[in-house]
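Enquirer: With chain A held as given, fit chain B onto it using these hints.
Listed in order, the protein sequences are those of chains A and B. Okay, so the first sequence: first residue is 410 according to my numbering, each after it adds one. Okay, so the second sequence: first residue is 17 according to my numbering, each after it adds one.
FYI, nobody ran anything at the bench for these hints, they're computed from the structure. Please note that the accuracy of each hint is not assured.
Label-pair restraints from in silico Cβ distances [stated by the list, open to error]:
1. B:Q81 <-> A:R864: 22 to 28 angstroms
2. B:A176 <-> A:R429: 19 to 25 angstroms
3. B:A258 <-> A:T552: 49 to 55 angstroms
From chain B, some residues computed to sit far from chain A (all C-beta separations above 12 angstroms) [to be verified]:
4. K18
5. F25
6. R28
7. T39
8. G83
9. G157
10. G205
11. L209
12. E244
13. A298
Being a predicted model, the structure only gives us computed values, none of them experimental. Where a beta carbon is used, it is the ideal one built from N, C-alpha and C, also for glycine.
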Amino acid sequence: MGARYFGAAVRRREDPRFLRGEGRFVDDVTLPGLLHAACVRSPHAHARIRSIDAAPARAMPGVAAVFTHADLARWLKPLPLFGAAPPGLAAAVRFDVRQAPQLALCKDVVRHVGEIVAMVVADSRARAEDAAEAVAVEWEPLTALTDMVAAGEAGAPLLYPEWGTNVAVGFSHAIGDAERALAAADVVVEETFRIQRYVGMPLETRGVVAQWDRRDGTLTTWNSTQVSHFVQQGLVAALELPPHKIRVIAPDLGGGFGTKASGYPEDVLVPLAARALHRPVKWIEDRREHMMAAAHARHQTHTIRLGARRDGTIVGLADRIWLDLGAYNVWGIVLPYNTVAHLIGPYRIRDMTVDVKGVVTNKTPNAPYRGAGRPETVFAMDRAVDCLARRLGVDPADLRRKNYIRTDELPWDFGMPYRDGNPLVYDSGDFPAALESALAAAGYDAFRREQPALRARGLWRGIGISGYVEGTAIGPFEGAHVTVDLTGRVRVATGAVSSGQGHETSFAQVAADALGVPLDWITVVGGDTAAVPFGVGTFASRSGVTAGNSIADAARQVRAKLVAAAAALLEAAPDDVDIEDGKAFVRGAPASAVDLGAVVQASIPTFARPGVATPDFEASAYHHVPTVTYASAVHVAQVEVDPGTGAVRLLGYVVAHDCGKVINPTIVEGQVHGGVAQGVGGALFEEMVYDAEGQLLTGTLMDYLVPSATDLPRIETVHLEFPSPRNPLGMKGLGEGGAISPPAAIANAIDDALAPLGVRVTETPASPARVLALIETRRP
Amino acid sequence: MKPAPFEYFDPRTVDEAVALLETHGDDAKVLAGGQSLVPMLALRVARPAVVIDVNRVAGLDGLRQDGATLSVGALVRQRALERWAPERAPLLGTAIRHVGHAAIRARGTVAGSIAHADPASELPALLLCLDGSVVARSRRGTRTIAASEFFQGPLTTALAADELVTETRWTLPPAHAGWGFREMARRQGDFALVGVAAVVTIARGVVASARVVIFGAAPTPLRARETERALTGQAATATVLADAAQRATAGLDAVSDIHAPAAYRVSVTRTLAARALADAAARARETA
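Only chain B is shown next, with the shape it has when bound in the complex:
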């Protein structure tokens, strides 16, 4: 399990990195934490002609909160976000502990997981749930891609071949919002068979807003829009929550693999949506 030969670059600035990407484009892979890329190289599943190692690029390690916006530089390790989040963003703080194991999170980057876009991984789903975006740089300029546009398929994103992710941005829910995160994986640290993340705000007993995201069940993380519609403007009763959870699989084209058939993912999506919404509603009431 040794990688096929490749050419290696380790640029020191974003400008150098994007210049290399402009030159090598589709033949290149960007190496950050390497927790997905390196095994794929070793298995020769990924065979890039060029590896651009961005670990020495300056200026990509910032973790900043500005009001409700959290900006996470492309080289921020998952472990750093895990340490930052528990008090400030409990949904993120809880969910990120499901990403692999501590050793993986110590090396893996937040942006790398999002750019890798595994449909069963937590951070892409969280970015979608927290109305986030990806900042991409190329020689052509800088653009911001909304999470809702970013994830296009398994391991497929809206990123162009010459673009480098420099930052991810997250919208932190207000303090009175409730949240829920439930995941079913075969073992601690495995990719999710199904997961559900939910953020709910409740005003005077009525659901004011709801964002519910399903992951692991389909080729990309998905908003459960039927569920969100069924909640918004309704009294946050157990019946309403349970009924809304049942709608989480409306239009869901679930995937099958050796660990679970599609029917399992459909059934468990409803179960976990119900649990995540119940958690979120309970927490929202606590803090409203």
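Okay, chain A solo, but in the shape it has when bound:
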């Protein structure tokens, strides 16, 4: 099998339809008799429902139904919760975990602005919204918790009185003896860093369409989700139907980023409404709903201490970490432990102690978003390293050179588990090489030589570095099913949903090579539960590795069946038959070549003869990954700070990264660019702001600032390819990486630009107001 497509910069096959406006997103699904849903949402952060009067709304024109908890109580089961510690992890770390069940329609107490208390279904969305305003809810406001640190203290008002605390995930963990190491260190820096609440913000909001077929009792639902099989499982429980009676289709998605990987109330409410009304129902989340009710993310506080010897050798690390989890703690230990497992990153540190408090507050529930704890923890660590460099009077690049783990030290065993419970052991990569190639591409040495002259001319320019090592492609598997049709053309189905990553291209490249057929013979179907029975979904930088290896496996099985049939047809031994470019042939006898369609057709019985082989040219694979594989990168940002306004302009950005074997470098670069854009958002622009009463102040995209093209610099990508030994294709996950390091790299660059003032960026986003305030603390 030759690698004809794997590694090639094949043009994205899905782009023509997107560029022509012919994508089919969930809102493009229209059905005869379609009804439209709108939600009645809590205006309070924390309140008890005294009563709901839906009668006036039910009487309004066009209204088909209004559902409250009382109307659907029989069918409303707690929404799914995630993030229990797997056995290997639970054995090593003593977690104190509390999670609260949430109902799709709130029964008695709301715990964040935007929580759903009723759903209105009408003949148009406008009429549904009119009626939603007419649903009268009598509220009894309760005290809102908005400060994660204060809420985590003993004596704070309680979100769940039965818990006796607001700490939903508490644990301490240590490797080595950090306190002894810090006590023996020549230098210890300590700082508190705050990473704001910022979110995935896909261009396409969420949405659900559901159609109930009363003839055979089946439900079909289109859902803008990253995890269609997971939505199916939720509906199995809610509708009390077997999985094969529920088809979940994720159509084209306009971004996911983790925001669309949670289980949501509407996933269940829209199908319940469709079944109750015997009419198809559509709900499309509007941007205001998205801001207040789709999963939020980030939001941590770190008080970190980092110790070193005078020669720059880092000896120990201690970190107190608070995470604002929003209400309910939907994701269990995922974010808190991800944060801990990625704190050390590329540094050679054997002594670490952490104390972690994941705290519930009256805000929208937090969920993993592109990076999922890594951008926050890398911010704390790489900011602390730069503080240490300044204290020691050494260049931040040199401090990293001294402390990055070298290739001769791999595999590097932390002596603690990863989040999946398996040992945290770096499998491959070259962190010093990533550092050197990023510095070279950024012209680091030349910039350092030029910087004093720039300062003398009044140009406040700085350069900042951040690196990470990321556990990617969490298992346990992804499903793939490969089928060859009567003409030899191929359908590849997988549970992995493409939310813009280009699966229709990259997975076709993998399958085409494994089968020996032209790329354009292949159709890739993702996220349709009818196409593959078991699947997991796209998140955690996992689809390339998990689905890619399953697709290769299934395609090889099918190829073996085609070879066997072709051998029968060509009257040759299977070992002598090969397939290339869609033709089977006897090696050394090119004239024997027959089209794969002819092989399939010869296998199908006719009135005259049986087939040459069983016409079974399909196969499934569920490749199991032993544990995550470690991708890594070093980012270098260059900025200019306007000392009069505090404005930060990005002058350049370099990413030197290793994601193992690359299927398609164009797609990889696109992923890196998108991730960096979101990281720049976190560094400079984006913040979900709540007031002290838990009211969301950033309710629109005029207040919540996503960077646009004019806010981004040219991004230079350096590909380093260190194959992973942990999967046959040698790949590592890539999706999230770009978003991890920008906040740290950019904040380091700002500090560097302002170095003569000796100020520290301790909080993101580094908005003009914050940066100017820092500058003004040092002005006479």
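Expert: Structure of chain B alone, referenced to chain A:
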């Protein structure tokens, strides 16, 4: 995000439009480019019982220069002014590119932005800086409201409920005047955190006249009168300009929001005033 129900009218003449305004007055909103009104309707922040769409009203699309006076009909899109201005009114031509994005300017009207009176938007500040006025029609007659009287508070103007803006008028600076425009926004196209527009004329090295307007910092665009006084009659030296810029915040009651506290706006007002005045002085000398 669908608007609450409203009654919709699309008059074809100014007389029909003002008759509708007389009838519906406070219950009505006038729809022109819709770049502010439509999002407010969708968010149900604005809930007018009546929307009067003036896009089909005849005779409101004129863009005419008569000597130093530029008359801009109420339906002239921002993009049209943007195309007209660069050679003839470079301050306007530069500033208008800060209004939203090209797609917004293609639809948004000059008069609509002024009637909407967002304190952080550029065109109201420019109207004040260029000694402009608003022509308003009602069944009661036509009146001209000076920009200095027009802006009364955030989204609040001197326009009566039955009045329709038919035109805005601008006084174009003489060719030898220098100008400066500086704006600090979070992103390209966002509303200003702070902006400063300045027009300065210099004769024989002495500032003959100065108009300096601050926007984004306070509930309305404001003349920086202390700055103007400190400049007028003085030699246009770097020291005088810098000192005058420091006075831009005299009496300024700056606003705070999630993007910047008042103290930031005060500090940056001085910074941008200094830069805008330096630009204006440099340009004035170039063309004097």
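Enquirer: Does each hint hold? Answer for all of them.
Expert: How the hints compare with the structure:
1. B:Q81 <-> A:R864: 22 to 28 angstroms: 47 angstroms, violated
2. B:A176 <-> A:R429: 19 to 25 angstroms: With a Cβ separation near 49 angstroms, A176 of chain B and R429 of chain A fall outside 19 to 25 angstroms, so the hint is violated.
3. B:A258 <-> A:T552: 49 to 55 angstroms: 51 angstroms, holds
4. K18: 4 angstroms, violated
5. F25: Consistent with the label, F25 of chain B stays out of reach of chain A, its closest Cβ about 19 angstroms off (over 12 angstroms).
6. R28: Holds, since 27 angstroms exceeds 12 angstroms.
7. T39: Consistent with the label, T39 of chain B stays out of reach of chain A, its closest Cβ about 25 angstroms off (over 12 angstroms).
8. G83: 38 angstroms, holds
9. G157: It holds; G157 of chain B is separated from chain A by about 38 angstroms at its closest Cβ, greater than 12 angstroms.
10. G205: Violated, because the least Cβ-Cβ distance between G205 of chain B and chain A comes to about 8 angstroms, which does not exceed 12 angstroms.
11. L209: Contrary to the label, L209 of chain B does not stay out of reach of chain A, its closest Cβ about 7 angstroms off (not over 12 angstroms).
12. E244: 21 angstroms, holds
13. A298: At about 17 angstroms from chain A, A298 of chain B clears the 12 angstroms cut-off, so the statement holds.
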